Amino acid sequence: MLLEQLINGLTLGSIYAIVALGFTLVFGVLGIINMAHGEIFMVGAFVGVMTTGVLGWPLWLAFIASIVVTGILGYLLERMTLRPLRGKKGVSHLAPLISTIGVSILLENLSHHIFGAGNKPFRTEFAEISIEIGSVSIYIVQIVIFVISIVLMIGLSVWLSKTKAGKALRATAENLETASILGVNTKKIITLTVIIASAMGGIAGILVGMAFNSVSPQMGLAIGLKGLAIIILGGMGNVKGAMVGGLILGLSETFLVAYGDSGYRDAIAFIMIIFILLLRPQGIFGSKIAEGR
Amino acid sequence: MLKLSNVETYYGQIQALKGIDMEVQEGKIITLLGANGAGKSTTMKTIAGLLNPKKGTVEFLGEKVTALRPDQLLRKGIALVPEGRAILSSMTVLENLEMGAYHRKDKAVKAEIEEVMQRFPILKERQSQMAGTLSGGQQQMLAIARALLSKPKLLLLDEPSMGLAPLIVADIFNIIKEINSAGTTVLLVEQNAKQALKIADYGYVMETGKIIVEGNAADLLTDPRIVEAYLGRKSTSEQELVKEGN
Ligand SMILES: Nc1ncnc2c1ncn2[C@@H]1O[C@H](COP(=O)(O)OP(=O)(O)O)[C@@H](O)[C@H]1O
Ligand SMILES: [Mg+2]
Chain R
1413 MLLEQLINGL TLGSIYAIVA LGFTLVFGVL GIINMAHGEI FMVGAFVGVM TTGVLGWPLW
1473 LAFIASIVVT GILGYLLERM TLRPLRGKKG VSHLAPLIST IGVSILLENL SHHIFGAGNK
1533 PFRTEFAEIS IEIGSVSIYI VQIVIFVISI VLMIGLSVWL SKTKAGKALR ATAENLETAS
1593 ILGVNTKKII TLTVIIASAM GGIAGILVGM AFNSVSPQMG LAIGLKGLAI IILGGMGNVK
1653 GAMVGGLILG LSETFLVAYG DSGYRDAIAF IMIIFILLLR PQGIFGSKIA EGR
Chain P
41 MLKLSNVETY YGQIQALKGI DMEVQEGKII TLLGANGAGK STTMKTIAGL LNPKKGTVEF
101 LGEKVTALRP DQLLRKGIAL VPEGRAILSS MTVLENLEMG AYHRKDKAVK AEIEEVMQRF
161 PILKERQSQM AGTLSGGQQQ MLAIARALLS KPKLLLLDEP SMGLAPLIVA DIFNIIKEIN
221 SAGTTVLLVE QNAKQALKIA DYGYVMETGK IIVEGNAADL LTDPRIVEAY LGRKSTSEQE
281 LVKEGN
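So the protein sequences, as listed, match chains R and P. Per the numbering used here: the first sequence = residues 1413 to 1705. Per the numbering used here: the second sequence = residues 41 to 286.
FYI, nobody ran anything at the bench for these hints, they're computed from the structure. Owing to the predicted nature of the structure, the values given are computational and were not obtained by experimental measurement. In this text, a Cβ means the ideal position worked out from N, Cα and C, and glycines have one as well. Please note that the accuracy of each hint is not assured.
Beta-carbon label-pair distances, calculated as ranges [what the hints assert, rightly or not]:
(1) Pro1693(R) with Val267(P): 51 to 59 Å
(2) Trp1571(R) with Lys147(P): 17 to 25 Å
(3) Trp1571(R) with Arg144(P): 47 to 55 Å
(4) Lys193(P) with Gly1502(R): 34 to 42 Å
(5) Gly1443(R) with Lys164(P): 31 to 39 Å
Pairs of lysine to aspartate or glutamate residues, derived as EDC-like cross-links and limited to a Cα-Cα distance of at most 16 Å, are as follows [said to hold, decoys possible]:
(6) Lys1574(R) with Asp111(P)
(7) Lys1599(R) with Asp111(P)
(8) Lys193(P) with Asp211(P)
(9) Lys1600(R) with Glu138(P)
Stretches of chain R that chain P covers, calculated by requiring three or more beta carbons in the stretch to come under 8 Å of a beta carbon on chain P [unchecked claim]:
(10) 1553-1565
(11) 1582-1590
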């Protein structure tokens, strides 16, 4: 029982971590909360439902479709709603934030319009298959989700710490001006960051769809708020913080449902925000993205 | 190799440069002097592309480079070590050096980083430490070493001696001379006018956004106007105060 809950918690937590990574990357480089991230995530989930459910594509192809669609959305978000506001005289520093809220409303209503209001099931061929290890039963879906999340997290960490582009991203996150005099085309890096963050949102969308077997136009808001709670918990713009924070939230939600009152499940994230803001406002890791390892 | 003509740069409504004319000859050390707030850093940032002038032109190697971005100018051969050093404090010393060679694709980078670390042994010793943990002098060495790894033709140094102990300042000035003898042209902004003029070939003096005096460094060292304003005992002690205030 305990072991099963632990596995459930880690599965949920690793998805949360992926969502939060998208927030934290953009925050690290641009210094803004991307309020459209939750909705991009939702679009990613719908791409998964459509490609696997309607078109009958295999799951791996659904992932690729979702990455492509959300990556393009990220590119458009940066080019059309963020870049025009950057470095302009008389533009409030809140303008890009408002801009992303606008995009989130647009995406939510658009998918409402196209897909309808209700929940859509997300079927995978192995949804019901589980394996028994002793007295513990684990669903294959959980293993798939967990493995994909971990690979993604490790991949991102390695990319940030070992590759040229990853180092340029960290340099840009620490100081845009310094990165630019070192020869980094910061415009390109910013665009790349928003694309990567959005594509991670798209992947997370499919993972959540698989985990809960349900996708709806409203799912972006709820997960977006949790993602925000996680980066406040872990430290804004901090990669390690997003990963650890996601796991903490996933585990505590799961254990609360299992051993306490499931009615409070969605409250945990916000109770955690209150405590962290009171006790350690900079978050657990509390420094910038540049330490991405 | 570098030529500024009637350059005017603004911060919003505030005009910081009021028509700067300046020339840097290849192979030389040129120094730019002036009190705090005269516009020296603004001039350097304008040359490096961090600020765009409202009027006037910047030419580099016979080519107009006025509105280029900093990363484009770096590829043309202009590297800036900004005031306050601007090291990447949450990246390691080695990563900072690697970022210096960011735009280069040649195979020699690794060997050159090794070479630079031979020259600054402290950087080798601390290579895997976060750069933010270095002392002020070590950070300055790192910032200069990092800029050199971009293989600049023109190195812009904005107050490299700021806030450093006298022994280390002497070190830094020696390094600047070495860099220049190895073939890199240097434009040096300094509060430390006497030392700067001693190693420079030519100097400009700024006041409130304008060049007020220029000439051969040797002449400026004995120019009564300069001696009184920047080299006299009174003004040096004032500068010390300013430095401690920072
Ligand atoms: N970011 C800024 N915004 C507005 N004014 C500035 C800014 N930076 C510098 N200034 C002003 O421009 C003038 C020149 O500054 P600066 O170039 O930094 O001088 P220096 O490097 O010679 O000490 C000063 O009057 C300063 O107050
Ligand atoms: Mg200055």
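Against the structure, the hints:
1. Pro1693(R) with Val267(P): 51 to 59 Å: holds (53 Å)
2. Trp1571(R) with Lys147(P): 17 to 25 Å: Given about 23 Å between the Cβ atoms, the range holds.
3. Trp1571(R) with Arg144(P): 47 to 55 Å: violated (21 Å)
4. Lys193(P) with Gly1502(R): 34 to 42 Å: holds (38 Å)
5. Gly1443(R) with Lys164(P): 31 to 39 Å: holds (35 Å)
6. Lys1574(R) with Asp111(P): Violated - the C-alpha atoms of Asp111(P) and Lys1574(R) are around 21 Å apart, more than 16 Å.
7. Lys1599(R) with Asp111(P): With a Cα-Cα distance of about 11 Å, the restraint between Lys1599(R) and Asp111(P) holds, given a limit of 16 Å.
8. Lys193(P) with Asp211(P): Roughly 22 Å separates the two Cα atoms, so the pair is violated.
9. Lys1600(R) with Glu138(P): violated (19 Å)
10. 1553-1565: n = 0 at 8 Å, threshold three: violated.
11. 1582-1590: With 6 residues closer than 8 Å to chain P, the segment 1582-1590 of chain R meets the three-residue bar; holds.
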